[in-house]
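*Asks:* With the working numbering applied, the first sequence corresponds to residues 5 to 851, in that order.
For the record, the hints were derived by calculation from the structure and aren't laboratory data.
Only a predicted model underlies this, so the values are computations on that prediction, with no experimental measurement involved.
Ideal placement from N, C-alpha and C gives every residue a C-beta, glycine not left out.
Honestly, I wouldn't trust all of these hints.
[Stated by the list, open to error] In the PhoX-like style, the derived pairs of lysine-lysine whose C-alpha atoms are separated by at most 25 Å in a straight line are:
no., residue 1, residue 2
1, Lys685, Lys672
2, Lys605, Lys622
3, Lys841, Lys117
4, Lys613, Lys624
5, Lys805, Lys820
6, Lys220, Lys425
7, Lys835, Lys820
8, Lys116, Lys774
9, Lys773, Lys30
10, Lys836, Lys808
11, Lys774, Lys800
12, Lys408, Lys366
13, Lys820, Lys841
14, Lys841, Lys801
15, Lys207, Lys425
16, Lys189, Lys207
17, Lys685, Lys625
18, Lys468, Lys101
19, Lys625, Lys605
[Claimed, not checked] Label pairs and their calculated CB-CB ranges:
no., residue 1, residue 2, range
20, Lys800, Leu770, 42 to 48 Å
21, Ile772, Ser125, 23 to 29 Å
22, Lys224, Glu737, 39 to 45 Å
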Amino acid sequence: MERYNFKRVEEEWQKKWESSKEFSTKVDRTKKKFYCLEMFPYPSGKIHMGHVRNYTIGDVLSRYKSLKGFNVLHPMGWDAFGMPAENAARENNLDPKDWTNSNIKTMKSQLKKLGLSIDWSREISTCSESYYKHQQIFFLELLEKGLVYRKENYVNWDPVDETVLANEQVIDGKGWRSGAIVERKKLSQWFFNISKFSEDLLKGLEELKTWPNKVKVMQKNWIGKSFGSEIDFKVTGDIPVKSIKCFTTRPDTLFGLSFIAISIDHEISKYYINDSGFQKFKEECSKTGTTEEAIAIGEKIGFKTNLTATNPLNLAQKVPVYFANFVLMDYGFGAVFGCPAHDQRDFDFAKKYNLEINTVVKPYDENDNFKVTNEAYPGPGTLINSEFLNGLDAPNESVNETIKILEARNIGKKQTNYRLKDWGVSRQRYWGCPIPVAYDTSGKVYPIPIEKLPVKLPENINLKVKGNPLDHLNDWKEIEIDGKKLIRETDTLDTFVCSSWYYLRFCSPNNHDYGFSKDEIDYWMPVDQYIGGVEHAILHLLYSRFFMRAIDYKNKNFNIQEPFQSLFTQGMVCHETYKDKNNNWLRPDEVEKVNNIVVKKNNPDHEVKVGPSESMSKSKKNVIDPEFIIENYGADSVRLFILSDSPPEKDVQWSEQGMVSSYKFIQKFWILHNEILNVVKKNSSNDKRDENLEKFLNKTIFKISNNLEKFQYNVIVANMYETYNYLVKYIKEEVSVISLKENYIKILICFLPVIPHFANECLKTLGIKKINWPDYEKYLMDDDEVNYVIQVNGKKKGLIKSEKNISQDKLMNLIKNNEKLTRFFKKNEIKKVIFVKNRLINILINE
RNA sequence: GCCCUCGUGGUGAAAUUGGUAGACACAAAGGACUUAAAAUCCUUGCCCUUUUGGGAGUGCCAGUUCGAGUCUGGCCGAGGGCACCA
5 MERYNFKRVE EEWQKKWESS KEFSTKVDRT KKKFYCLEMF PYPSGKIHMG
55 HVRNYTIGDV LSRYKSLKGF NVLHPMGWDA FGMPAENAAR ENNLDPKDWT
105 NSNIKTMKSQ LKKLGLSIDW SREISTCSES YYKHQQIFFL ELLEKGLVYR
155 KENYVNWDPV DETVLANEQV IDGKGWRSGA IVERKKLSQW FFNISKFSED
205 LLKGLEELKT WPNKVKVMQK NWIGKSFGSE IDFKVTGDIP VKSIKCFTTR
255 PDTLFGLSFI AISIDHEISK YYINDSGFQK FKEECSKTGT TEEAIAIGEK
305 IGFKTNLTAT NPLNLAQKVP VYFANFVLMD YGFGAVFGCP AHDQRDFDFA
355 KKYNLEINTV VKPYDENDNF KVTNEAYPGP GTLINSEFLN GLDAPNESVN
405 ETIKILEARN IGKKQTNYRL KDWGVSRQRY WGCPIPVAYD TSGKVYPIPI
455 EKLPVKLPEN INLKVKGNPL DHLNDWKEIE IDGKKLIRET DTLDTFVCSS
505 WYYLRFCSPN NHDYGFSKDE IDYWMPVDQY IGGVEHAILH LLYSRFFMRA
555 IDYKNKNFNI QEPFQSLFTQ GMVCHETYKD KNNNWLRPDE VEKVNNIVVK
605 KNNPDHEVKV GPSESMSKSK KNVIDPEFII ENYGADSVRL FILSDSPPEK
655 DVQWSEQGMV SSYKFIQKFW ILHNEILNVV KKNSSNDKRD ENLEKFLNKT
705 IFKISNNLEK FQYNVIVANM YETYNYLVKY IKEEVSVISL KENYIKILIC
755 FLPVIPHFAN ECLKTLGIKK INWPDYEKYL MDDDEVNYVI QVNGKKKGLI
805 KSEKNISQDK LMNLIKNNEK LTRFFKKNEI KKVIFVKNRL INILINE
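Hey, can you work out the whole structure from these sequences and the hints?
*Replies:* So, in structure tokens, the structure goes:
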């Protein structure tokens with residue numbers, strides 16, 4: 005017997021799959037479809053272990069579903085626009101396109117070596133003209149529908165990347181990619197009107213039953229719906245302003261009013277532009293630190309105006325108006341009313357400026373003299389000191405009642421607010437999808453006519469310029485449409501736009517006139533299972549959900565609104581980190597273990613500091629190169645290991661020993677397979693069936709099928725090891741050839757999703773061509789014998805093997821004849837017996 | 001500060017959904033084979049007992065139940081998300 009040559013076998017099968025177009029799919033309405041999609045990669049150079057895990061999980065599912073008879077769509081493509089290409093190209097004097105395409109070539113060949121069941125005929129790349137042409141058409145469609153607009157406002161400016169970032173791309177006040185501290189800058193920008201769909205995006209979450217709760221909660225919080233009312237406050241003072249509009253979720257605390265606070269960007273600020281005190285205050289505000297957290301816990305400061313506001317429910321009460329650093333311009337109306345007794349921020353502010361603290365809500369267990377003193381009381385209770393509102397239950401009853409009164413008196417109305425803001429999509433970069441518009445000298449917007457699309461990115465350009473390279477290309481910028489001389493938009497689209505609709509393109513990758521064909525969308529969409537990292541919980545997933553709605557808006561393309569029926573977020577691949585004496589990171593292959601001490605390789609005196617296991621990253625050098633591993637152990641071994649150690653949704657620890665043991669498992673199984681092969685070649689005409697074997701293997705089929713449905717891929721690997729351990733023992737004893745052959749084939753098919761090359765090879769040596777997922781037999785699921793657990797007063801005292809469905813009396817007799825068991829209650833009276841059929845018996849006695 | 005998730009051996013983890021806790025794997029220790037090593041195989045894994053055996057045990061404390069890793073309440077701890085959202 006030849007030892008298992010994974011290199012030869014894997015290569016052969018991969019070639020076979022490629023030449024027979026095994027995984028290419030077409031619309032086939034006679035079959036049920038299954039659309040399995042993994043988040044497509046950014047072509048950064050080489051694949052990493054995270055990709056291996058992500059795509060193995062998807063591949064296991066795809067292969068399982070097609071064995072089950074589904075028409076499976078399992079495509080792959082490239083999220084190919086973006087900054088790294090531009091940076092790498094600039095550093096190495098390359099064209100971003102060449103850099104990107106060469107990375108795609110490398111990564112594609114690496115993915116192929118994993119033996120993924122991908123329909124490569126549907127491969128797409130977002131940086132190709134045939135892809136971004138359709139994106140430009142979509143852009144113009146949305147413009148036409150009023151879902152895209154241009155406005156000047158403050159943006160998050162990344163000074164390192166010299167580009168604008170969306171709110172979602174600012175993390176702890178820093179750029180999500182560069183890590184630079186983000187600045188505020190006023191620019192003219194294109195926006196997608198995602199906030200128009202706030203309510204719909206929120207409601208849609210309820211439909212997504214099989215999304216991780218965590219992701220739904222994050223999106224819900226991000227959308228941030230809050231219910232309350234707007235209230236008009238009349239103001240008097242030395243400027244021509246009559247009223248200030250505030251948003252509040254607690255209109256019922258209006259009698260607790262003690263000041264009005266407005267944002268420094270509030271329109272009223274224009275009257276204070278020349279006020280040196282206000283200028284000073286603005287400067288002060290910008291100093292409070294840059295991170296969100298610093299701002300959140302920072303001191304509340306204000307600048308007092310000469311304005312006086314009147315409480316609309318108590319006209320006798322006049323309160324001061326402040327500019328305050330804690331009021332946000334882009335939420336509500338940029339103005340709030342201060343109620344120090346029941347809001348901690350207002351409380352802190354009132355303490356600092358010696359403002360009144362009027363208690364208007366008392367906790368249920370306090371009396372009417374309750375007074376807020378040390379900290380605000382935001383909890384529930386009963387309204388007090390509020391005239392006609394007194395006695396109302398806060399907040400539910402009192403908020404609704406107050407809104408009714410405000411509306412009746414025409415001083416406010418019910419209002420729902422969302423935190424979600426519109427999506428700024430302009431980026432001052434070269435390597436992205438050009439925005440297909442132009443401007444005349446007055447700044448009027450002209451869409452580029454559809455027949456002139458795509459607006460192509462110019463090639464061979466100079467990247468070594470400050471800011472956006474496209475801005476420097478006068479030849480490209482100046483165009484003529486209908487005899488009018490215009491200047492092109494030089495901003496490109498945020499790359500998240502590209503990934504917001506790629507799942508649609510996969511359904512019709514070659515559709516020429518439009519981004520997709522309705523016919524194919526109707527068949528394939530929605531994605532039945534989407535798999536990817538949880539880091540896209542908000543950005544990519546929310547944008548995609550928006551995009552479906554936006555394209556559907558007014559012209560009804562789809563029967564469905566949600567692009568991703570099910571979502572699975574896989575965990576990361578982690579590895580220990582290593583640092584040498586000089587605190588430099590070391591790669592795992594630069595260290596070794598000598599006498600249980602980790603040292604630098606070939607340098608036993610240089611002890612290495614072992615850090616915690618963290619997500620593999622280039623910066624910490626704790627990476628394992630998949631290509632090296634595939635080269636040494638084979639694709640099946642890697643697939644097996646990456647699934648084996650942890651549930652797919654949790655982080656997994658990379659372990660060299662674990663990897664080796666997966667490799668050995670396949671080698672050992674090959675030996676076993678050959679032994680089985682020898683046995684089943686024997687004539688089996690008068691061979692008896694072996695029910696025990698059939699039952700064991702049948703249960704395994706049941707378990708693996710079940711675990712596949714539940715994404716418990718780590719347990720499947722355990723099931724595979726159990727099967728091996730069982731068969732190794734079995735083959736040494738008397739063997740039922742017929743039972744073994746029939747069921748062993750089924751078992752190999754169950755192994756196929758995880759280790760496809762190996763399982764296919766084994767099936768080939770058995771002469772099996774037609775492969776379908778095996779059904780388990782119900783009649784083989786039950787055992788004739790069961791192990792009864794014998795409990796005395798709820799504690800396990802022993803086991804009794806008996807036939808199935810035995811009566812309670814018969815079981816009691818067995819127990820009474822069992823010396824080891826009967827002694828527990830010989831001397832004591834039996835009070836009660838709990839009998840659970842085929843499972844256990846619990847005998848209660850007096851002790 | 002608010003929200004979400006999770007606490008099971010030395011480690012990663014299983015547990016038919018309320019019914020034998022620790023499947024499967026990694027690591028460790030001991031043993032077999034070997035001149036030796038590697039590889040392979042076997043055994044062990046908390047406490048008491050020489051053994052037979054007995055006891056404790058799923059972060060902690062209560063509760064429900066004949067029976068709780070699983071359900072309820074409280075506490076402690078870890079991870080993640082949001083962050084002046086009025």
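*Asks:* Between Lys189 and Lys207, does the CA-CA distance stay at or below 25 Å?
*Replies:* 34 Å, violated
*Asks:* Can the suggested window of 42 to 48 Å be confirmed for the beta-carbon pair Lys800 and Leu770?
*Replies:* 44 Å, holds
*Asks:* If you draw a straight line from the CA of Lys805 to the CA of Lys820, is it 25 Å or shorter?
*Replies:* 14 Å, holds
*Asks:* Does Lys622 sit within 25 Å of Lys605, going by the straight-line distance between their CA atoms?
*Replies:* 20 Å, holds
*Asks:* Mind checking the alpha carbons of Lys841 and Lys801 for me, to see if they're no more than 25 Å apart?
*Replies:* This hinted pair holds, its Cα atoms lying about 18 Å apart.
*Asks:* Taking 25 Å as the top limit, are the C-alpha atoms of Lys841 and Lys117 close enough?
*Replies:* 51 Å, violated
*Asks:* Tell me if the straight-line CA distance from Lys773 to Lys30 falls inside 25 Å.
*Replies:* Holds. Lys773 to Lys30 sits at ~22 Å (cutoff 25 Å).
*Asks:* Regarding the pair Lys613 and Lys624, is the alpha-carbon distance no greater than 25 Å?
*Replies:* 13 Å, holds
*Asks:* Please work out if Lys468 and Lys101 have their alpha carbons no farther apart than 25 Å.
*Replies:* Since the Cα atoms of Lys468 and Lys101 sit roughly 16 Å apart, the hinted pair holds (cutoff 25 Å).
*Asks:* With a cut-off of 25 Å on the C-alpha distance, tell me whether Lys774 and Lys800 pass.
*Replies:* Not OK: Lys774 and Lys800 at ~49 Å, beyond 25 Å, violated.
*Asks:* Has the given pair, Lys625 with Lys605, been kept, meaning a C-alpha gap of at most 25 Å?
*Replies:* 15 Å, holds
*Asks:* Holds or violated: are the alpha carbons of Lys685 and Lys672 at most 25 Å from each other?
*Replies:* With Cα atoms ~20 Å apart, Lys685 and Lys672 stay inside 25 Å; holds.
This entry does not satisfy hints 3, 11, 16, 17, 22, going by the numbered hints stated previously.
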